[in-house]
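Protein chains in written order, with our numbering: chain A, 4 to 356; chain B, 613 to 815.
Just so you know, not all the hints are guaranteed correct.
Claimed, not checked - Simulated crosslink set (EDC-like; lysine to aspartate or glutamate; CA at most 20 Å straight-line): (1) 812(B) / 160(A); (2) 109(A) / 795(B); (3) 109(A) / 794(B); (4) 812(B) / 236(A); (5) 109(A) / 65(A); (6) 201(A) / 292(A); (7) 109(A) / 660(B); (8) 109(A) / 131(A); (9) 812(B) / 65(A); (10) 217(A) / 292(A); (11) 201(A) / 296(A).
Hints listed in this document are in silico derivations from the structure and should not be mistaken for laboratory results.
Note that the coordinates shown come from a computational prediction; the quantities given were computed from them, not determined experimentally.
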Amino acid sequence: MSEPLVLGIETSCDETGIGIVRGRTLLSNTIASSMDEHARYGGVVPEVAARAHLEALQPSIDAALAEAGVGLDDLDAVAVTSGPGLAGALMVGVGAAKGLAVSIGKPLYAVNHLVGHIAADILTPDTEPLEYPTVALLVSGGHTSLLHVRDLTTDVELLGETVDDAAGEAFDKVARLLSLPYPGGPEIDRAALDGDPKAIRFPRGLSKASDLAKHRYDFSFSGLKTAVARWVERCEAEGVEVPVADVAASFREAVVDVLVTKALAACADLGVPRLLLGGGVIANRRLRDVALERAEAAGVTVRIPPLALCTDNGAMIAALAAELISSGRRPSTLSFGADSTLPVTEIQVAERS
Amino acid sequence: MILAVDTSLGTAVAVIDDDGALRAEAATSDPLGHAEVIGDLLVRVLDEAGAGEITHVVSGMGPGPFTGLRIGIAAARTFALGRGIPVIPVPSHLAAALTHTGEGRFAIVTDARRREVAITVFDGTDADGVPAVVADTVLVPASVADAHLAGVRRIDVATISGADLARVGARALAAGRTLTGDEPLYMRHPDVVVPGAPKKVGL
Ligand SMILES: [Zn+2]
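Only chain B is shown next, with the shape it has when bound in the complex (with noise of 0.2 Å):
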């Protein structure tokens, strides 16, 4: 069996079977509060999944807001920590694409906070069933998301579904596939700049 947890949007948990079959899910939708939910939701997901063990965890690595992105990576690492298990990286936007992949190309659209939007373009899947990018991952303004993707068709999503995102880790893991690396797609640098002299006081 494989555990997704996902916190790149709302909290997201979810165990599929080796064949992707779901076996259980939990989640909720808010954007906020994923530190406090994210243990609860472990509980429920692996007392619903029933017997058998769990092989892999994969993390939604985002992109999204870096505060509640963290929690959920840093529960799976903790979680396959403890059962002595490897993590699968997966782009939390290749979970959001799985479902429309027969439906030619399309844009994932996610909410990236200050008023820009996170946009993955894709094509179809690949030979191993993963979504096929066509055009990587960026940030834009809302306001010209439209005017960026001239006419791919825009889908807007505000949740990820766990199952979704155990399925990619899944073909990732049967395809000897690695699909990012450690690092949390964080899409911005820390907000932060070196202090100039220090600012006077005025005698």
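Only chain A is shown next, with the shape it has when bound in the complex (with noise of 0.2 Å):
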């Protein structure tokens, strides 16, 4: 089987995903986000997300399979997302996938969803196929994380994680501190239009030579976010009024600055001049912009997927699980649940023996 048909469910976070590709190409990617029902709570309540999901799942698998133009007989395998991610909301996508699988007498593929965002990479028809060894940076609102991955379906290594914060969460908490709404990336990048990155040396998380020993490749952003709200304070302290527009290019600038110098460090270290780049957060033009400046004057080369790709959704996994497939492996047991934790090095779940 050289181009298997998959469709695969991602509902670990507040997106739920129904993807579905042939083998490297991309035929439905299906996205209901619950995201309007957070806003007035300023984040993902995992509650809320999991009610969405499951009400979102079945109309998106009816979508994604009119999209695909195929029916579900036509499926070679189901794919799902174990982890990592919000258990509640994993488990609905874990229990239709299955409830799915056995109805239909297809193969089921438990997959990690960290993993699902690098394999997002290879649905991009137009590209040259993504070359190993890569460093992964992955920022999103759930994780950031840097992954050394040596081979998409065997061998991917965690190199560093966000040690409180993700980074899109520290958007989202210092667009409240300024009062603007959620969610906070793109609320900033508009609030920054007119700053001066420049303006507030705010810290970089984890980057002094002390913390460099033992986290070089961890990250930290509450410590930026409270350095922004003392910031935010000492204005209206003073009777200021805040310059919202350096607050939010100098908080940015922070984000990125130690985002794209850990991941280049990597890069580096291991010798390895790729980097792709994976997650929502990759939507930050600035994000962008810097790691291609910097990647350039370091001689590697920043991949990035269609944003489409980047954001959590059922077609990466589906693409996973095509790959894991082509490679020759087995589908997974039915008795795998939700690994809100599930390490990187567990590309597949529950593989059958």
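Using the hints, build the complex out of the two chains.
Pasting the structure below:
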């Protein structure tokens, strides 16, 4: 089976993603987001997300099949995110995937969400295939991870990750401090438009020599968030108007700087001149621009999948499963669950023996 | 044949014939682990049910702890989607009540976590053979459940019978009735508050 037709189900956070791929060809990428329902809370509420997944699943599967122009009978396999992510949200997808796979009598592949983000890149037929090894920087509201990918289906290593907030969460929290709406990423971007990124020198988390020894590739954004909060409070205490544009631009610069610096440090340390970017925060233009500019100076090639494949989606889950199938991997048993802290080394969960 | 799936308490899956006779059932009473077991239970029950076509899927809609409850509903819906057949949503307490309907007024009581119980009061069956609800499902603190019931016979239930769930669904189907909507019987709002102004961190 060289070109397996796979339907992927992704429910690890607030997007219900159903994707259909044939091998490395994208046929459908249907996403239902509950983002609007979270806006009033200023962040993703797990129970709200899980309820929304249950509602969105069936219509999303129908829409994806219609868009791809295939029937359930045509599928070679079903794929689902087992983790990492929000447990209650993941479980809706796992239940749905098992019900569907048993119903149509097709094999089921339970896969790793983070590795799925890397697999998104193979759905870009107009570019050269992804070369290995590569360093991958995955940044979203749910995760901030730096990976060493030696092989997509067999060998992925976690170099570092956030020790507190995800970068996307930091954007949301700082947006709130600046009285900007949720989600914070695009709002901070808009506010930063006329700001000076060098106006305020906000701290770069885990970047001091003393931190680097232990946390060379780890990230921390809670100190940065607190620094912004202090700065805003000081303005208010002194009765001066908060220079929102400068604060937004300087905050964003601090996040981008630390992300790109650590990613390129990993490339240099490992002698890997390739960097793949993924996750919803890649939609941030400043992050892409700085990454491209500094990578070029460092002789590192940067790959960025289309943004619709960078945010959480089912197509990347289907794509990863298609690669697993093509490389001869057996399906998962039906006895896996949702694993909110699934390590990145577990690319596929519960492979049949 | 009718397939029923319920994860409002443990995990229960069953297949019955159109006349209500049991073909196969499988269940675990574990109040957790629904996601892990649901697939294998479905396979086992379908294997044991033997030849014949599943025409409907009955989905137990709770009440029950949300996280687990949703897993069965999700599986029921996608199973039905895969076969191109309809889902019949049924309140899980109706299944629990089915075998007690000859015994006068009684209450089905299930654990709702957070030291609360879910209570539905029944009395016999209606003309369609569906357990007759005389007081809708409510959540009450476990400590005052007896006072709330005021002498109504209390039946504490820790598992739901998939077969009885299927039978209630079959009776609703035969009567052309809808017993509950597509929304799970959550009984609680998502546990979340709208944030106020950001907390001061101090200068
Ligand atoms: Zn993600």
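For each hint, the structure was consulted:
no., hint, verdict
1, 812(B) / 160(A), "violated, 39 Å"
2, 109(A) / 795(B), "violated, 28 Å"
3, 109(A) / 794(B), "violated, 27 Å"
4, 812(B) / 236(A), "holds, 8 Å"
5, 109(A) / 65(A), "holds, 18 Å"
6, 201(A) / 292(A), "holds, 16 Å"
7, 109(A) / 660(B), "holds, 19 Å"
8, 109(A) / 131(A), "violated, 32 Å"
9, 812(B) / 65(A), "violated, 47 Å"
10, 217(A) / 292(A), "violated, 29 Å"
11, 201(A) / 296(A), "holds, 17 Å"
Checked against the numbered hints above, the structure breaks hints 1, 2, 3, 8, 9, 10 and satisfies the rest.
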